[in-house]
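Please work from the sequences and hints to get the whole structure.
Quick note, the sequences are listed as chains A and B, same order.
Here the first sequence stands for residues 1 to 406, numbered as in my numbering.
Here the second sequence stands for residues 1 to 248, numbered as in my numbering.
Treat the hints with care, as some may be off.
Cross-link-like lysine to aspartate or glutamate pairs, in silico, EDC-like; alpha carbons within 20 Å at most [said to hold, decoys possible]:
1) B:102 with A:278
2) A:84 with A:221
3) B:76 with A:278
4) A:215 with A:86
5) B:223 with B:60
6) B:237 with B:179
7) B:24 with B:179
8) A:50 with A:255
9) A:153 with A:192
10) A:96 with A:86
11) B:79 with A:398
12) A:175 with A:221
13) B:24 with A:401
14) A:252 with A:221
15) B:79 with A:268
16) A:8 with B:179
17) B:102 with A:406
18) A:252 with A:93
19) A:8 with B:123
20) A:134 with A:258
21) B:102 with B:66
22) A:393 with B:60
Bear in mind the hints are in silico, worked out from the structure with no lab data behind them.
Please read all numbers here as calculations on a predicted model, not as lab measurements.
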Amino acid sequence: MRFVNLLKIALRALNNNKLRCFLTMLGIIIGVASVITMLAIGQGSKNSIKAQISEMGSNMLMIFPGSGQRGGVRQSADDMQTLKVEDYEVIRDNAKFVSAISPQVSSAGQFVNGNNNYPSQLSGITPDYLNIRKLNVDEGEMFSDHDIATAAKVCVVGRTVVNELFPNGENPLGKVIRFNKIPLTIVGVLEEKGTNSMGQDQDDVVLAPYTTVMKRVLAIDYIQGLFASALNENLSDEASDEITQLLRANHKLKDEAEDDFQIRSQQELSEMMSSTSDMMTVLLACIAGISLLVGGIGIMNIMYVSVTERTREIGLRMAIGARGIDILSQFLIEAIIISVTGGIIGILVGVLASWLVNVIMQWPVYIQAYSVLLSFVVCTVTGVFFGWYPARKAANLDPIEAIRYE
Amino acid sequence: MSERDIIVIDRIRRNFVVGDETVKALRGVSFRIKEGEFVTIMGTSGSGKSTLLNILGCLDTPTSGEYLLDGISVQKMSKNQRAIVRNRKIGFVFQNYNLLPKTTSLDNVELPLLYNSAFNAKERRERAIKALDAVGLHERLYHKSNQMSGGQQQRVAIARALVNDPVIILADEATGNLDTRTSFSILTLFQELHARGRTIIFVTHNPELADYSSRNIVLRDGKIVSDTINEHPASAKTAYDALPKEND
Ligand SMILES: Nc1ncnc2c1ncn2[C@@H]1O[C@H](COP(=O)(O)OP(=O)(O)OP(=O)(O)O)[C@@H](O)[C@H]1O
Ligand SMILES: [Mg+2]
Numbered sequence: 001m002r003f004v005n006l007l008k009i010a011l012r013a014l015n016n017n018k019l020r021c022f023l024t025m026l027g028i029i030i031g032v033a034s035v036i037t038m039l040a041i042g043q044g045s046k047n048s049i050k051a052q053i054s055e056m057g058s059n060m061l062m063i064f065p066g067s068g069q070r071g072g073v074r075q076s077a078d079d080m081q082t083l084k085v086e087d088y089e090v091i092r093d094n095a096k097f098v099s100a101i102s103p104q105v106s107s108a109g110q111f112v113n114g115n116n117n118y119p120s121q122l123s124g125i126t127p128d129y130l131n132i133r134k135l136n137v138d139e140g141e142m143f144s145d146h147d148i149a150t151a152a153k154v155c156v157v158g159r160t161v162v163n164e165l166f167p168n169g170e171n172p173l174g175k176v177i178r179f180n181k182i183p184l185t186i187v188g189v190l191e192e193k194g195t196n197s198m199g200q201d202q203d204d205v206v207l208a209p210y211t212t213v214m215k216r217v218l219a220i221d222y223i224q225g226l227f228a229s230a231l232n233e234n235l236s237d238e239a240s241d242e243i244t245q246l247l248r249a250n251h252k253l254k255d256e257a258e259d260d261f262q263i264r265s266q267q268e269l270s271e272m273m274s275s276t277s278d279m280m281t282v283l284l285a286c287i288a289g290i291s292l293l294v295g296g297i298g299i300m301n302i303m304y305v306s307v308t309e310r311t312r313e314i315g316l317r318m319a320i321g322a323r324g325i326d327i328l329s330q331f332l333i334e335a336i337i338i339s340v341t342g343g344i345i346g347i348l349v350g351v352l353a354s355w356l357v358n359v360i361m362q363w364p365v366y367i368q369a370y371s372v373l374l375s376f377v378v379c380t381v382t383g384v385f386f387g388w389y390p391a392r393k394a395a396n397l398d399p400i401e402a403i404r405y406e
Numbered sequence: 001m002s003e004r005d006i007i008v009i010d011r012i013r014r015n016f017v018v019g020d021e022t023v024k025a026l027r028g029v030s031f032r033i034k035e036g037e038f039v040t041i042m043g044t045s046g047s048g049k050s051t052l053l054n055i056l057g058c059l060d061t062p063t064s065g066e067y068l069l070d071g072i073s074v075q076k077m078s079k080n081q082r083a084i085v086r087n088r089k090i091g092f093v094f095q096n097y098n099l100l101p102k103t104t105s106l107d108n109v110e111l112p113l114l115y116n117s118a119f120n121a122k123e124r125r126e127r128a129i130k131a132l133d134a135v136g137l138h139e140r141l142y143h144k145s146n147q148m149s150g151g152q153q154q155r156v157a158i159a160r161a162l163v164n165d166p167v168i169i170l171a172d173e174a175t176g177n178l179d180t181r182t183s184f185s186i187l188t189l190f191q192e193l194h195a196r197g198r199t200i201i202f203v204t205h206n207p208e209l210a211d212y213s214s215r216n217i218v219l220r221d222g223k224i225v226s227d228t229i230n231e232h233p234a235s236a237k238t239a240y241d242a243l244p245k246e247n248d
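This is the structure we're talking about:
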């Protein structure tokens, strides 16, 4: 009963000061909405990076030639030729923690089909590469180990390359395209993967047996890298150690010599990327937190002014029988109503803004329940806290002094 | 008029400390007021009328002296208890009305009852309408305070003072801001309330008004200089009717 009356009093007081009320709310709305939107953008990009990485195979290892210890200094051509086909065979035949491995050599150049030209990259690999990179052949089939043994002039192409070279929608299977005058017969088309989060077109690929690329295209006797899969995500460190042992033995490196190759695990990469995006999220959260704080100060400011402005009203209420606690409750209820309403509107605006960011800017967003809860709680607490201080000041006023206040 | 003392004050003093100086606004005021009296308090500006009335209204406390309201010592009450006394036993009318702005007459009059949980919404409304009826404002229930004349606003303020059925009504220069004609209509209203048995204490500058009350106390420099009973108060209604109409 008492509370209902106080609620009624507070609502009437708010109703008499709509503009002031709205301005106070505006601070909270902006604060809450920006926290939600910023965190949604941060979390969205983090999620998409994560999804991307697991899509690429989170147990993937990449082995590159060269020691990589020399920082930015460019390494000599010899240093970059330390990986050989035998290294591939040793790992393939001996490594227990490696489930799949493929050498990799590539060459950039122009692909030609009649009048259609398209610049892309030819990658020489083994069929295992599909498992490692989580690729699938959609039409036709992958080339075989026999094709590798014979350095057959065949290839498997991505959808983008197909669209560029066969603009009229002909069936590419069995067709011959040229790369640096070398004819390659298309035996398969890869399933479409789309663009990754870094904007790369994952369908812009042409795969051929690595032997074909080494002998017929590049005429080299070394390989440019190796792609491998650890048995599972948790074994990628073991796999990486094992590969290091095998390669060092195979390269006959002395104990004190440094590795002449480097291994990058997808895990490392993923940690690096998620730490970057974590940093971004923290940064965004800071900005949002500041705007929430500014909102809180806005509430305090307006509450404070309103107590001063309404000193006579407070004096009158006390003169006709309001107790200190009634005045305190009234101002607190006003603060709670303003901050809760502002908080709810802020949540709606934040969700809407996140959605607009997603639709208009094409950025990935993800709204977490905790960010909604957090910003709501923070704004309500700031509202109530900053409302409480001037409310207490009002409650302690002497009625006769308050009513005389000019 | 009953013989029960509703207000007993004994050697009330009130000092205000302003900087290094002490202003002695009341220097030992004593009197008794019986239930059903209509008392006017007069005196020059600065004589301590408002200070006295604020103490009687439990808005302020004396520096020393004893104040018994309805037999209970006000000094011994806590701040909250005094708030409850103001809410239940006292109706205070201010010189400058002190209505809530942008608020209807009805809501203004209901206000004291909102701080009293004994009344529900329906009872509040009924009592507020009754109080506004009593001051002749039954046609202005939903007018906002800023849409009314000074006289009307003062009537709303009086209705607000009546709504909690107080033991005493205290008015501090209730007619000070009003023209003669409106002043007399307000005075008529107070006489009617008095006729219905209310105890009224009415502070005023205007010496003429002493004729219309049953007792007149004059203050000077914080002391009582005269305290006279008026056996035959004049009728404010007659005086009001005698006033020229074109002032309206
Ligand atoms: N809050 C206060 N602080 C300091 N001095 C005060 C205060 N209130 C009143 N006084 C002083 O006490 C004295 C009496 O003031 P009070 O307001 O009671 O006079 P009054 O008789 O009501 O005068 P008026 O007819 O002008 O309203 C004055 O000298 C005044 O300056
Ligand atoms: Mg005065």
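Here is what the structure says about each hint:
| no. | hint | verdict |
| --- | --- | --- |
| 1 | B:102 with A:278 | violated, 52 Å |
| 2 | A:84 with A:221 | holds, 7 Å |
| 3 | B:76 with A:278 | violated, 64 Å |
| 4 | A:215 with A:86 | holds, 15 Å |
| 5 | B:223 with B:60 | holds, 18 Å |
| 6 | B:237 with B:179 | holds, 16 Å |
| 7 | B:24 with B:179 | violated, 33 Å |
| 8 | A:50 with A:255 | violated, 37 Å |
| 9 | A:153 with A:192 | violated, 23 Å |
| 10 | A:96 with A:86 | holds, 17 Å |
| 11 | B:79 with A:398 | holds, 10 Å |
| 12 | A:175 with A:221 | violated, 29 Å |
| 13 | B:24 with A:401 | holds, 18 Å |
| 14 | A:252 with A:221 | holds, 19 Å |
| 15 | B:79 with A:268 | violated, 69 Å |
| 16 | A:8 with B:179 | violated, 36 Å |
| 17 | B:102 with A:406 | holds, 19 Å |
| 18 | A:252 with A:93 | holds, 18 Å |
| 19 | A:8 with B:123 | holds, 16 Å |
| 20 | A:134 with A:258 | violated, 32 Å |
| 21 | B:102 with B:66 | violated, 40 Å |
| 22 | A:393 with B:60 | holds, 19 Å |
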